[in-house]
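In this note's numbering, the protein residues as written are 569 to 688.
What the hints contain is simulated information worked out from the structure, not anything from laboratory work.
Treat the hints with care, as some may be off.
[What the hints assert, rightly or not] Below, computed lysine-lysine pairings styled on DSBU-like, alpha-carbon distance capped at 30 Å:
id: 1; residue 1: LYS647; residue 2: LYS603
id: 2; residue 1: LYS582; residue 2: LYS647
id: 3; residue 1: LYS641; residue 2: LYS655
[To be verified] Derived Cβ-Cβ restraints for the label pairs, each shown as a range:
id: 4; residue 1: ASP660; residue 2: THR583; range: 32 to 38 Å
id: 5; residue 1: LYS681; residue 2: PRO639; range: 16 to 22 Å
id: 6; residue 1: LYS681; residue 2: ASN599; range: 19 to 25 Å
Where a beta carbon is used, it is the ideal one built from N, C-alpha and C, also for glycine.
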Amino acid sequence: MFSLTQKIGFNAEKTACRYLQKQGLSFITKNFRYKQGEIDLIMSDQSMLVFIEVRYRRFSDFIHPVATVTPLKQRRLIKTALHYLQKHRLLDKISCRFDIVGITADRQITWIKNAIEVEY
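Could you build all of it, start to finish, from the sequences and the hints given here?
Structure, rendered in structure tokens:
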């Protein structure tokens, strides 16, 4: 049994996935977990692997959903993505980027490509 918060999150991820597929991305997997981190969606954009964080805010008057991705969350996303790349033997074999999709209660979607910079 899922909580209301989890159901809202799953719906937001489903909405984001459909939106990104309409924009030309291909779905690979969802909810990839490693230790304390989770990547909501992993998709491909032509030959690039895209790690996607989906954020939903019921009330976005004061802060947009995209702005809620903290530096700590960014570090966890990067660590989780590195684990994914190592697990699938893709490290140094494929280009990747981190995108954020923000969704508001009125279904407005904001997609920011390369939202998180990673230094190698």
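Next pair to validate is LYS641 with LYS655; report whether the Cα-Cα distance is within 30 Å. The hint holds at about 21 Å.
Would you mind confirming whether the straight-line C-alpha gap from LYS582 to LYS647 stays at or under 30 Å?
-> Roughly 24 Å between the alpha carbons, so the hint for LYS582 and LYS647 holds.
### Message
Between the beta carbons of LYS681 and PRO639, is the distance compatible with 16 to 22 Å?
### Response
Given range 16 to 22 Å: holds, Cβ gap about 19 Å.
Whether the CB-CB distance between LYS681 and ASN599 falls inside 19 to 25 Å: Holds, at about 21 Å.
Check your understanding: Given the hint that LYS647 pairs with LYS603, does the C-alpha gap stay at or below 30 Å?
Key -> 9 Å, holds
Distance restraint hint 32 to 38 Å, applied to the beta-carbon atoms of ASP660 and THR583
33 Å, holds
The structure shown violates none of the earlier numbered hints.
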